[in-house]
Amino acid sequence: MQPFDYLIPKDHAEASALLAAGGGSVRPFMGGTDFLIRARGGFIRPQSVVDLKVLPGMREIRQSPDGWLVIGAACTMNQVAAHPLVLAGYDLLAQACNSVASYQLRNRATIGGNCCNASPAADTAPALFCLDAVAETYGPAGARRIPIADFFVGPGRSALQLGEFLTAIHLPPAPTGACGAFNKLGRTKLGDISAVSVAVYAWEHDTETPRRDWRIALGAVGPTPLRAPEAEAALAADASPQGVQRAAELTAAAARPIDDIRASAAYRRAMVAVLARRGIEAVLAGIARAGLQAVPFGGVPAGSVSPTGVLREGRPEQMIGGAA
Amino acid sequence: MTRDQESGARSQESASSFQLPASNRKHSLIGTSPQRIEGRAKVTGAATYVDDMQFGPNLLHGMLKHSPIPHGIIVRIDVSKARALPGVRVVVTGEDFPGYTGLYLKDRRIFALDRVRYVGDTIAAVAADTPEIAQQAVDLIEVEFEPLPGVFDPEFGASPEAPLIHPELGNYEAVPFIFPQPGTNVSNWMKVRKGDMDKGWAEADLVYEHKYRVPHIQHVPLETHVCVAQQDVNGKITLWSSSQSPFAQRNLIAKALHISHSKLRVITPYVGGGFGCKAGVSMEGAAVALAMNAKGRPVKLRMTREEEFYTTFVRQGLVAIIKMGMTQEGRITAVHNRFYWDGGASTEYGTNITRAAGYSGTGPYYVPNIHIDSLCVYTNHPVGGAMRGFGMPEIHWGIEQHIDQMAEKLGLDPVQVRLINCLKDGDETLTGMIMHPTGLSQCIQKAAEAIGWTSPPAPLLEGEGSHKRRGKGLAAMWKAPAMPPNPGSSAIVRMNEDGTATVSIGGVDIGQGALTAMAQLAAEGLGVKIEDVRVNTVDTDYSPYEWQTVASRLTWSMGNAVLQAAENAKLQILQTVAEAWNEDINDLDIIDGQVVSYRSEESRSLRDIAVYGMQRPDGTWIGGPVLGRGNFMPEYVTPLDPETGQGPRAVVHFTTGCQAVEVEVDEETGEVQVLKIVSAYDVGRAINPDMVRTQMEGGAVQGMSTALLEGIILQNGVPRNPNFTDYRIATAVDAPLELESIIVEVPQDDGPFGARGVGEHPMVPTAPAIANAVYNAVGIRIDSMPITSEKVWRELAKTRP
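Chains A and B supply the protein sequences, listed in that same order.
Each residue of the first sequence is one higher than the one before, starting from 0 at the first, in numbering that gives the first Met the number 0.
Each residue of the second sequence is one higher than the one before, starting from 0 at the first, in numbering that gives the first Met the number 0.
Heads up, some of the hints might be wrong.
[Said to hold, decoys possible] Derived PhoX-like pairs (lysine-lysine); straight-line CA-CA distance at most 25 Å:
hint, chain 1, residue 1, chain 2, residue 2
1, B, K262, A, K188
2, B, K105, B, K210
3, B, K423, B, K322
4, B, K467, B, K190
5, A, K188, B, K675
6, B, K790, A, K188
7, B, K467, B, K790
8, B, K105, B, K80
9, B, K235, B, K262
[Stated by the list, open to error] A short list of chain A residues far from chain B (calculated; beta carbon distances all over 10 Å):
hint, residue
10, A12
11, H82
12, P83
13, G190
14, A238
15, R255
Calculated from the structure, these hints are not laboratory results.
Note that CB positions come from ideal geometry on N, CA and C, so glycine has one too.
Just chain A, with the same shape it has in the complex (with noise of 0.2 Å):
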């Protein structure tokens, strides 16, 4: 690997002045997990890389006044699936950060990191896309948010403009009865790029009615994570298991899959619509279970065997569809 300078910037005016000054030599710089591998393997030259880490609130998970969830870009995958405030509200969340790579990367890799690189695999995506989520980058012309679909363009490419790095990920409050359910295809079971994985969040729609929302987002079937609408709606429609299978397959046609040396199109395109079932099922097993129980406030109560049956650390309990 050939040599580097590793600058750490004063406060965020500096990094992005560093990292506007320096064009693509200069990069930002987090967990490193990706970065080492392709500045090892050749593919970035860079003059110097600009510490991130350091710079104030971006390792830090906090609630704001106005009750939104606030995770520093900064923030490791294993700080983030083990935070109270992402157990008790965004359990979705943590299941996608326990499914990155091992246990031992997830202490290096961020949560940022992972959005930063865009790659349509990257686990956490699918969730923040249910989630809602909203990007907070901060750049030459100061700070701005990008609605999180929209910060991911396409395929290694995101919305950061030269001189601009992710700050945070700001999650809406977690709405009443919420339950996710995260599941991926790998070719082994832990640390492998998801060849497909699918992302199922529901919630109640309001406390009038019955009825109940759903978001369904995918990765690694297309240039960018991507949701798919007609599914989400289909299934508010009609969850009965006919209802669950059509959305299944709805979710499946709104997949952009390749064939490369992973898996084929064809592949993932029927796995989308495996996941996407199995998600389903598990999340309204997950309602069911929760309505059997006093749950504080909106969500999976905090602790729990996560809705797919996958425990949080170590061995998976279950093998379902390859998440672990």
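Chain A is already provided as a structure; the job is to place chain B on it using the hints.
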């Protein structure tokens, strides 16, 4: 069998002069499982590997320039810019070292000279002050190619239409048992012809042919290839090498560079795994070539993980066309097998794999009528070399699935079909060798019983309504040590002043536990405690000769040498004591480091006598430093007829065994979860049963990994997954939920205490056993490895309306 009978059968020399009553052997270390003697150093991180060794600020860093194209003429190499880069000390190319090298067929150069033959072929090497400068220099080397059409399939490669990859094949030097076909891409044609094929087909009630495929596999050792070479002022070269074969490296490199064996010293400290890829020579020659021009500075060459995947050795690919005849009762009447090996750009090592596939080509079965062609084919793919199993996992992938297919078509139980046909004591093998006593039938029966062959599968993990289906499968195997007829082992046992023993060997502990097994054999042979035995790692200047750490041969071959050396040392000690005490040597023994007399009931610690000797009653001295020596070389292997493959004794012996597995297949995703693998092997005698079981467990997991996940994806010769991102291997969470290992012991007549090897065998039948279990579960047959989820899903989709 008692130990006395064995040592008598094994060696006249060391055991002739004294006999020990069997009752005195109750303290035997054989069949016990002391902890690994190097285990503490390894798990604490204290063990030193080549990359840990410190060479000071003079160390130069080597790097190789690899070919980016699979086949082409080298029109021009310009190294002037690389040489001019500050910090670059050495640049060497094929013009500096034009000679050929190779283990069985000299078809390889250290650096490509006139043409490149695969993506990754070494064109030049650089040594520089830092790795970064070396990388820059490699990038500055300009190479102009005239691309040539490539060969990317062994069947095509063997055809007359294929472009020639080695037009000089006819000029290459080969060992006598390799048969290159000049003017073709076939570098070895191993033939087996026996019986009357027409008769065999006529007797069959079913004749069935099917084609099976195996991809290239990488060994994936934890430690990649690494070595340091340095030339001293007298021209002597020292090579510190992570190697399975310090002596073979010395031999091959010395010959390739036309230097004396005594001027090349190879030192091998602890090795972080090999699985065959560190047998023979791959990149080490380039390091020596750099050192010869480095003016005394040491040069380190270390493969990156990416380089490890395709520039050292890989397991050869295989296309196997298997045709078999069987009677209604399940008796095999004839076999016609064609093995097209994807040997890669050089087959210096791989030719012998194709020979082994020939003389083992029926699988472990008695077959009266046989026609086998095993063809080693040059392709523009990575270079094939040894890997755990040496051709056997590849051929058994087809053979063992074929047996199941035949059985099913005839409505027979596959276990019964294997029991009917499997080789038994005294049967004639396909090459005309008489099968020695073997526990193969026992292994098949025990594996089938342990998996619950006749009982229905256990309930599903997820209960009723699940999309999962369970199935069981089984496969048998055999494998002989594949090697030249006369590979030698030797050992030295030296006594120290405190009565401990130092054992010198030339074989390498690559994780299999050889150091511990040798310590057990030496302690047993000498009569001391195992903690009083030290076993050295290899330094060719001080260690006795060993051919290579391959072929599952160390426990058997090197074990014989070590036991003989220990007994030789014991004999020297007892002769001294007998004279000093004026006793009959047959009344003396050594137990736990004490010389004892059963007649006079005297005893004396070795501490006092093993170096300084003993005083006679008249005050004079006898004895002196004790130095035991032992060697072993099989003397009975015969050549095989080149046209028929027939001969009295093709190999030293076969280790046999069987694996049975239970799987759960997800019908929706195609995922295969291996629930249980039962391994049963006839190891002759387990010197250390725990380590035998760990071999079985490790082999089963590696076999499972290759069965379900592994394979180098080559597109027009370009490796697409030379990294851990896309070459996936099984981790602990992918391993079978349960592993059971069964040791069967039918003694080997010339093994130490009856032992024979088992290092490679446990991954040989795993893949076909899993394939058979998948068929049993969901009714689809995957004939090309690996059994990926997507392949299972695709085949299942075909069966649905």
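Hint-by-hint comparison with the structure:
1. Pair hint K262/B plus K188/A does not hold up; C-alpha atoms about 51 Å apart against a cutoff of 25 Å.
2. Straight-line distance between C-alpha atoms of K105/B and K210/B comes to about 31 Å, which puts the hinted pair past the 25 Å bound.
3. Between K423/B and K322/B the alpha-carbon distance is near 23 Å, which keeps this suggested pair within the 25 Å criterion.
4. For a cut-off of 25 Å, the pair hint linking K467/B to K190/B is broken: about 44 Å separates their Cα positions.
5. Simply put, K188/A and K675/B have alpha-carbon atoms about 17 Å apart, close enough for the 25 Å limit, and the pair holds.
6. Using a Cα cut-off of 25 Å, the hinted pair K790/B and K188/A holds, with the two alpha carbons roughly 17 Å apart.
7. This hinted pair checks out: K467/B and K790/B have alpha carbons roughly 16 Å apart, not beyond 25 Å.
8. With a C-alpha separation of about 33 Å, the suggested pair K105/B and K80/B falls outside the 25 Å cut-off, and the hint is violated.
9. With a C-alpha separation of about 5 Å, the suggested pair K235/B and K262/B falls inside the 25 Å cut-off, and the hint holds.
10. The Cβ of A12/A lies farther than 10 Å from every Cβ of chain B, with a closest approach of about 33 Å, so its non-interface assignment holds.
11. The Cβ of H82/A sits about 25 Å from the closest Cβ of chain B, beyond the 10 Å cut-off, so the non-interface label holds.
12. Remark: the non-interface label on P83/A is consistent with the geometry, its nearest Cβ contact in chain B lying 27 Å away (cut-off 10 Å).
13. Under the 10 Å C-beta cut-off, the non-interface status given to G190/A relative to chain B is violated; the minimum distance is some 7 Å.
14. Non-interface status of A238/A relative to chain B is upheld: no Cβ of that chain comes within 10 Å, the nearest being about 19 Å off.
15. Against the 10 Å criterion, R255/A stays outside the reach of chain B, whose nearest CB is about 18 Å from its own CB.
Comparing the model with each numbered hint stated earlier shows that hints 1, 2, 4, 8, 13 do not hold.
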